[in-house]
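Student: Each chain, written out:
4 protein chains.
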Amino acid sequence: MKNTAIMLLSCRDSKGIVAAVTAFIYQNNGNIVTADQYTDFDDGMFFMRIEWELDGFRFTPDEIKNGAFSEIAEKFAIDYRLYFSEQKPNMAIFVSTQDHCLLEVLWRNSQNEFKGNVSCIISNHKGLKKVAENFKIPFYHVEKTLENKAEAEARELEILQEHDVTLVVLAKYMQILSNRFTDVYANRIINIHHSFLPAFEGARPYHRAHERGVKLIGATVHYVNQDLDRGPIIDQAVMRVSHKDVVADFIRKGRDLERLLLVRGIALHLDHRLLAYKNRTILFE
Amino acid sequence: MKNTAIMLLSCRDSKGIVAAVTAFIYQNNGNIVTADQYTDFDDGMFFMRIEWELDGFRFTPDEIKNGAFSEIAEKFAIDYRLYFSEQKPNMAIFVSTQDHCLLEVLWRNSQNEFKGNVSCIISNHKGLKKVAENFKIPFYHVEKTLENKAEAEARELEILQEHDVTLVVLAKYMQILSNRFTDVYANRIINIHHSFLPAFEGARPYHRAHERGVKLIGATVHYVNQDLDRGPIIDQAVMRVSHKDVVADFIRKGRDLERLLLVRGIALHLDHRLLAYKNRTILFE
Amino acid sequence: MKNTAIMLLSCRDSKGIVAAVTAFIYQNNGNIVTADQYTDFDDGMFFMRIEWELDGFRFTPDEIKNGAFSEIAEKFAIDYRLYFSEQKPNMAIFVSTQDHCLLEVLWRNSQNEFKGNVSCIISNHKGLKKVAENFKIPFYHVEKTLENKAEAEARELEILQEHDVTLVVLAKYMQILSNRFTDVYANRIINIHHSFLPAFEGARPYHRAHERGVKLIGATVHYVNQDLDRGPIIDQAVMRVSHKDVVADFIRKGRDLERLLLVRGIALHLDHRLLAYKNRTILFE
Amino acid sequence: MKNTAIMLLSCRDSKGIVAAVTAFIYQNNGNIVTADQYTDFDDGMFFMRIEWELDGFRFTPDEIKNGAFSEIAEKFAIDYRLYFSEQKPNMAIFVSTQDHCLLEVLWRNSQNEFKGNVSCIISNHKGLKKVAENFKIPFYHVEKTLENKAEAEARELEILQEHDVTLVVLAKYMQILSNRFTDVYANRIINIHHSFLPAFEGARPYHRAHERGVKLIGATVHYVNQDLDRGPIIDQAVMRVSHKDVVADFIRKGRDLERLLLVRGIALHLDHRLLAYKNRTILFE
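Residue numbers (the numbering used here), protein chains in the order written: chain A, 333 to 617; chain B, 333 to 617; chain C, 333 to 617; chain D, 333 to 617.
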């Protein structure tokens with residue numbers, strides 16, 4: 333794979349944006365690999381993901397970041413983020429006691445399936461330490477009680493900083509993060525919820541789904557914001573259940589939904605294919 | 333197809349039920365075509381669907397109904413319903429202005445796909461009268477206002493009685509039925525709701541799904557009881573949507589979910605494959 | 333909906349194509365509505381679908397067609413096709429005796445779901461004439477025998493010309509078209525095949541699927557070329573079957589796959605979202 | 333879970349089988365947990381799976397095996413197999429170099445999700461030895477060349493015997509077994525094939541699927557018999573692909589299909605829910 337730059341843009345829609353952005357790349361000797369755009373006509377907003385090869389491009393990554401694009405950005409009031417394929421972001425996995433999502437993430441990580449690396453695992457329990465060791469990933473046990481929550485989160489943020497983490501993955505963490513924490517990592521915390529949101533927000537969704545007599549169970553991978561289970565949805569999936577399934581069957585079957593959907597969300601985020609806008613996500617597939 | 337009897341049974345679980353029921357059929361010269369059973373171990377309840385050929389069977393349908401099975405039924409306190417494949421039940425379709433579900437039901441009916449017949453169409457609008465005429469099905473326009481609801485329902489029940497209707501299908505009827513009505517047809521009214529229940533109960537589910545930014549839209553076919561949108565779920569289905577879809581796209585895409593799911597629910601009911609227990613359905617597939 | 337131009341482009345990949353195309357639109361006062369591109373890196377080929385508003389655009393549709401874009405097209409050796417949203421193409425439906433696909437297409441047509449119109453129905457049988465009349469679409473009975481095939485096709489091509497047809501839809505037509513015919517409508521004939529191609533090419537796919545004991549049945553919507561059942565695949569879908577299903581069940585269940593998939597293929601084609609390249613389709617979704 | 337007996341029966345269809353079998357269980361004080369049956373009316377064959385609690389049952393497992401049921405079996409010429417939930421069968425996993433299926437099976441095994449145990453791993457390569465050690469499962473490296481195939485298989489059969497293996501799982505083994513081997517384990521070898529059979533039988537299915545331009549890729553879990561890739565299909569699954577996916581994407585995406593489908597096949601087999609008849613499987617779900 334060649335080294336590329338990926339830009340995610342959003343701005344008010346107006347004529348000439350695509351022409352300006354593509355001209356900037358072309359005139360500076362860049363070769364566009366992919367470009368995808370979306371216009372929200374109701375809101376008059378324009379969104380774009382564009383990727384181009386840096387080999388032969390006039391500007392270095394630093395120069396792009398520090399101004400080469402600024403004239404166009406100012407002209408159209410573009411809000412943009414810039415990534416470089418050679419700079420693989422670090423992610424941290426938060427876990428509690430369940431291992432299925434963690435194992436799935438670690439196996440994908442070991443296969444180099446992600447455009448990023450798992451740099452640490454943080455848990456409020458010690459049970460999954462052995463798994464971390466098998467995969468040779470640093471494991472931090474940060475105990476959490478009702479009393480020490482602020483301190484514990486401060487410690488967690490410290491660890492994230494040490495590891496230069498830009499994506500936090502809640503792999504069945506089962507703990508609510510404070511606004512202080514979620515604000516630091518706005519749209520950079522991915523959670524897997526074991527229901528088809530907005531059905532069964534909150535605790536024990538499989539139990540409530542069973543009680544309601546649903547015929548499909550679901551899972552939702554989403555960004556976490558201040559409203560629990562109400563952040564922008566990245567993707568959803570469902571699986572058939574029957575009257576024969578008891579709650580334990582829902583839980584067992586749901587595990588497959590959860591782990592596959594979680595890694596899908598992570599992969600999309602790390603490939604810079606997601607843009608959160610209002611309370612939804614734009615997915616450049 | 334040979335003429336068969338179909339029995340749906342439910343009772344408290346105990347040893348010997350299956351042996352007793354199958355012995356009753358065998359000893360009276362019946363040939364079992366299919367048998368399916370389910371035990372709810374939490375509640376200690378037993379459910380069964382059994383079908384046997386009537387050709388050569390010692391008892392006539394009337395004799396079975398009027399007592400041949402009564403000894404066994406009393407011994408195990410079995411609650412049972414008995415159907416005969418030659419007696420095709422009549423159904424009524426309630427519609428408002430949307431035609432897609434009605435057309436789907438009428439087309440299947442014309443193909444003899446149902447083990448039952450559409451005997452009339454009732455609508456609070458006149459718009460779909462032409463469709464009814466094309467398919468040669470009696471059409472009744474029963475206007476409904478806030479004021480005349482009780483009278484209108486009385487008229488509807490009268491029509492249903494005239495046509496000997498045992499299944500009411502709400503094909504996007506968009507009107508709430510009174511408890512008086514739903515009690516008469518308990519677990520014999522099938523509705524199609526355009527969301528993945530219990531998400532988006534009530535009005536305008538596609539609008540609310542769009543606002544929430546879901547990635548899958550759903551539909552639910554269910555029995556109607558006194559609690560709107562909370563009756564036993566028969567089946568559910570979902571379809572992928574993207575950020576590019578506006579509400580009108582949700583509505584358009586959802587139509588395919590709705591009509592296919594509705595006819596599936598009707599077919600299962602008419603084949604006596606559904607047993608409502610508590611707030612869920614047991615499906616003998 | 334505003335009037336737009338849609339261009340489908342393909343050419344050898346090189347720097348500057350996107351910049352040139354978008355600059356052409358921008359500098360002539362066009363507003364890009366959507367743009368999607370794909371590069372086949374193995375073959376070094378570039379493909380694009382771009383749509384822009386014609387309101388305020390410097391050139392009329394005729395001027396675009398007759399030269400405004402020619403300089404760029406020549407520079408990059410672009411093979412392009414140009415469509416205008418106000419010019420709705422005509423399609424013809426070829427049917428034999430089965431009605432489910434025809435009804436689906438006609439219902440969608442009556443709902444204005446297609447960006448095109450059904451202008452005539454051609455059949456080698458008379459059975460579906462009544463359906464055509466209900467929907468007020470001209471119906472042509474063109475008998476086909478082993479002996480008269482060439483003549484019959486000549487008559488069909490004549491009818492297509494009279495109706496200015498640019499898309500031929502084989503809605504369970506069950507007849508093989510000659511190369512002479514398929515060459516005239518290359519990549520403009522859409523067929524629905526009742527198997528998951530390339531499994532069960534040819535006749536009686538459901539029978540063979542049943543014999544093989546498959547657990548999923550499929551359908552394939554594809555362009556028809558000289559090799560029967562081997563044209564570029566547009567889309568595919570599957571449905572679960574069980575050991576309980578006999579061939580008649582496969583056929584009945586398969587009908588839902590077939591009709592929904594066929595209309596999806598038609599809709600994508602009429603929205604100019606498909607580009608056939610080699611033996612596959614590029615889908616700009 | 334209570335200890336239960338599970339019986340899989342097949343015989344020519346005739347009146348009284350179900351009554352006889354259920355009476356046998358009831359009269360000997362057994363409590364039927366589940367019963368499922370299927371009649372193939374074309375062939376006049378009857379199939380049944382019945383499970384009952386052994387607690388309080390008059391006969392011991394040995395007595396059932398050695399004759400208690402023989403009178404009924406003879407009367408109806410029933411071919412039956414009998415299993416006991418407390419006797420967990422042993423399985424062997426055959427692998428080559430790919431680890432995804434192996435990891436999935438071992439993780440499920442470690443979660444006690446199977447009604448059976450992985451007792452050994454056999455491989456023609458040494459690469460996955462470490463994985464076996466992590467999960468504490470004996471690993472045997474049996475090299476295979478064109479020359480030593482007979483000897484190698486003899487050694488493999490020896491290992492299987494040592495471990496009392498009754499189910500052989502080919503987890504991407506990529507080697508063809510001889511008839512001698514498959515005959516020993518008829519309908520007890522499960523393979524995962526990376527295509528939607530019968531499409532792309534044989535080698536490199538993803539490459540050929542890509543070349544054909546399919547829009548869905550598939551996988552098939554099946555019993556292995558003498559005809560490669562033509563044994564009774566247990567289950568199949570598919571996944572959407574697009575024109576953007578290169579062969580490597582097919583392979584990567586397909587891994588998820590393969591591993592989930594393989595463990596589903598294993599679980600169904602170990603729960604005695606599969607009956608191979610002719611070239612298909614009857615699934616008692």
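Be careful, since some hints might not be right.
Which copy is meant is left open, because identical chains are indistinguishable; a pair holds if it fits in one copy or across any two.
[As the list claims (entries may be wrong)] In silico BS3-like links for lysine-lysine, alpha-carbon gap of 30 Å or less:
1) LYS585 to LYS610
2) LYS468 to LYS397
3) LYS462 to LYS447
4) LYS576 to LYS476
5) LYS397 to LYS347
6) LYS347 to LYS462
7) LYS576 to LYS347
8) LYS576 to LYS420
9) LYS420 to LYS585
10) LYS462 to LYS585
11) LYS468 to LYS347
12) LYS407 to LYS610
13) LYS481 to LYS458
14) LYS407 to LYS468
15) LYS468 to LYS458
16) LYS334 to LYS461
17) LYS407 to LYS576
18) LYS334 to LYS576
19) LYS447 to LYS576
Derived from the structure by calculation, the hints contain no laboratory data.
Student: For each hint, tell me whether it holds in the structure or not.
Tutor: Checked hints:
1. LYS585 to LYS610: between (32 Å within a copy, 24 Å between copies)
2. LYS468 to LYS397: neither (34 Å within a copy, 51 Å between copies)
3. LYS462 to LYS447: Answer is both: 25 Å inside a copy and 26 Å across each meet the 30 Å cutoff.
4. LYS576 to LYS476: neither (38 Å within a copy, 41 Å between copies)
5. LYS397 to LYS347: both (24 Å within a copy, 22 Å between copies)
6. LYS347 to LYS462: neither (56 Å within a copy, 48 Å between copies)
7. LYS576 to LYS347: between (57 Å within a copy, 20 Å between copies)
8. LYS576 to LYS420: between (46 Å within a copy, 23 Å between copies)
9. LYS420 to LYS585: between (33 Å within a copy, 22 Å between copies)
10. LYS462 to LYS585: Both: 25 Å inside a chain and 29 Å across chains, each within 30 Å.
11. LYS468 to LYS347: neither (51 Å within a copy, 43 Å between copies)
12. LYS407 to LYS610: within (23 Å within a copy, 42 Å between copies)
13. LYS481 to LYS458: within (17 Å within a copy, 48 Å between copies)
14. LYS407 to LYS468: Answer is neither: 48 Å inside a copy and 54 Å across each miss the 30 Å cutoff.
15. LYS468 to LYS458: The answer is both: 16 Å in one copy and 22 Å across copies each meet 30 Å.
16. LYS334 to LYS461: Neither way: LYS334 and LYS461 sit 37 Å apart in one copy and 34 Å across, limit 30 Å.
17. LYS407 to LYS576: So LYS407 and LYS576 pass the 30 Å test across copies only (26 Å; inside, 61 Å).
18. LYS334 to LYS576: The answer is between: 17 Å across copies meets 30 Å, while 52 Å in one copy does not.
19. LYS447 to LYS576: Only across copies: LYS447 and LYS576 sit 18 Å apart there, 41 Å inside one copy, limit 30 Å.
Comparing the model with each numbered hint stated earlier shows that hints 2, 4, 6, 11, 14, 16 do not hold.
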